[in-house]
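Student: The chain contents come next:
2 protein chains.
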Amino acid sequence: MKPDVLNLAEKLALIDDLWSPRVIAELNDYQFKLTKLEGDFVWHSHDETDEAFLVLAGTLDIAFRDRTVTLNAGELFVVPKGVEHKPFAPAECHVLLIEPRGVLNTGDELGERTAEPNVWI
Amino acid sequence: MKPDVLNLAEKLALIDDLWSPRVIAELNDYQFKLTKLEGDFVWHSHDETDEAFLVLAGTLDIAFRDRTVTLNAGELFVVPKGVEHKPFAPAECHVLLIEPRGVLNTGDELGERTAEPNVWI
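Residue numbers (our numbering), protein chains in the order written: chain X, 1 to 121; chain S, 122 to 242.
Derived by calculation from the structure, the hints in this document are not laboratory data.
Check each hint, because a few of them may be wrong.
As the list claims (entries may be wrong) - So the derived label-pair ranges between C-beta atoms look like this:
(1) S:131 - X:39: 23 to 31 Å
(2) S:232 - X:112: 41 to 49 Å
(3) X:9 - S:163: 25 to 33 Å
(4) X:63 - S:130: 51 to 59 Å
(5) X:81 - S:235: 27 to 35 Å
(6) X:90 - S:164: 41 to 49 Å
(7) S:223 - X:63: 47 to 55 Å
(8) S:236 - X:10: 29 to 37 Å
(9) S:139 - X:114: 39 to 47 Å
(10) S:240 - X:101: 23 to 31 Å
(11) S:187 - X:47: 41 to 49 Å
To be verified - Here are the simulated lysine-lysine pairs, DSS-like style, with alpha carbons at most 27 Å apart:
(12) X:81 - S:123
(13) X:81 - X:2
(14) S:202 - X:11
(15) S:207 - X:81
(16) S:207 - X:86
(17) S:207 - S:132
(18) S:202 - X:2
(19) S:132 - X:2
We put the CB at the ideal spot given by N, CA and C, even for glycine.
Assemble the whole structure, with the sequences as input and the hints as a guide.
Tutor: Here's what the structure looks like:
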């Protein structure tokens with residue numbers, strides 16, 4: 001199957017819930033996921049992988065145990081493997097995540113905020 | 122070392138040449154690279170990996186042997202492993218590339234258009 005050109009804004013328009021990453025493409029065994037975030041999330045870490053956040057719209061804070069970083073639209077941040085973090089978005093924010101196939105949004109903290117992985121739009 | 126927030130526009134402003142990808146971050150053994158493109162490139166393929174193009178500004182055409190796709194700002198395309206392609210930018214265009222560490226811009230076609238890999242900004 002021939003790959004499509006993926007328009008991020010068009011794909012984002014298909015998402016009507018928060019904190020539920022949707023896969024839009026794969027690069028080898030890595031996935032590009034779009035998600036809308038607003039409010040607080042849970043502390044968690046991904047013990048097997050780094051995780052990249054590219055903010056497309058809005059502002060995303062990522063809290064670590066020793067600091068908080070703030071990402072605005074057009075900014076990229078790679079959370080290192082195994083480092084506890086907690087995203088927080090003061091208002092709705094749109095993010096492109098890049099990480100290996102099958103990574104859970106809550107990492108090691110399975111619970112009510114854990115979204116189903118591998119859901120495509 | 123603690124990772125930085127990477128502002129793509131600020132990083133792009135540091136690039137003053139064309140067709141020379143600059144690494145800005147790593148995600149496990151993958152790299153995020155920024156590049157400015159204008160004009161024609163060479164036919165090539167990457168026999169070991171897919172290659173992702175996210176256009177940040179301008180327009181990028183990617184020719185394949187059987188079709189050409191056009192990417193505008195905010196559009197993502199993953200070139201499948203082993204598929205011959207030739208990027209062409211009618212005017213200066215800014216691209217974020219995502220691919221494994223060490224991939225050459227000309228893939229299997231070593232020559233005068235081959236840029237040094239692993240150059241960071």
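Student: Evaluate each hint against the coordinates.
Tutor: Now the hints, each set against the structure:
1. S:131 - X:39: 23 to 31 Å: 29 Å, holds
2. S:232 - X:112: 41 to 49 Å: 55 Å, violated
3. X:9 - S:163: 25 to 33 Å: 32 Å, holds
4. X:63 - S:130: 51 to 59 Å: 25 Å, violated
5. X:81 - S:235: 27 to 35 Å: For residue 235 of chain S against residue 81 of chain X, whose Cβ atoms are near 32 Å apart, the range 27 to 35 Å holds.
6. X:90 - S:164: 41 to 49 Å: With Cβ atoms ~47 Å apart, the hint holds.
7. S:223 - X:63: 47 to 55 Å: 33 Å, violated
8. S:236 - X:10: 29 to 37 Å: 32 Å, holds
9. S:139 - X:114: 39 to 47 Å: This hint holds: roughly 44 Å between Cβ atoms.
10. S:240 - X:101: 23 to 31 Å: Taking Cβ atoms as reference, residue 240 of chain S and residue 101 of chain X lie about 29 Å apart, which means the hint holds.
11. S:187 - X:47: 41 to 49 Å: 43 Å, holds
12. X:81 - S:123: Satisfied, since the Cα-Cα distance of roughly 12 Å is no more than 27 Å.
13. X:81 - X:2: The hint is violated at about 33 Å.
14. S:202 - X:11: 24 Å, holds
15. S:207 - X:81: 35 Å, violated
16. S:207 - X:86: 41 Å, violated
17. S:207 - S:132: 25 Å, holds
18. S:202 - X:2: 12 Å, holds
19. S:132 - X:2: 32 Å, violated
Consistency note: the structure conflicts with the earlier hints numbered 2, 4, 7, 13, 15, 16 and 19.
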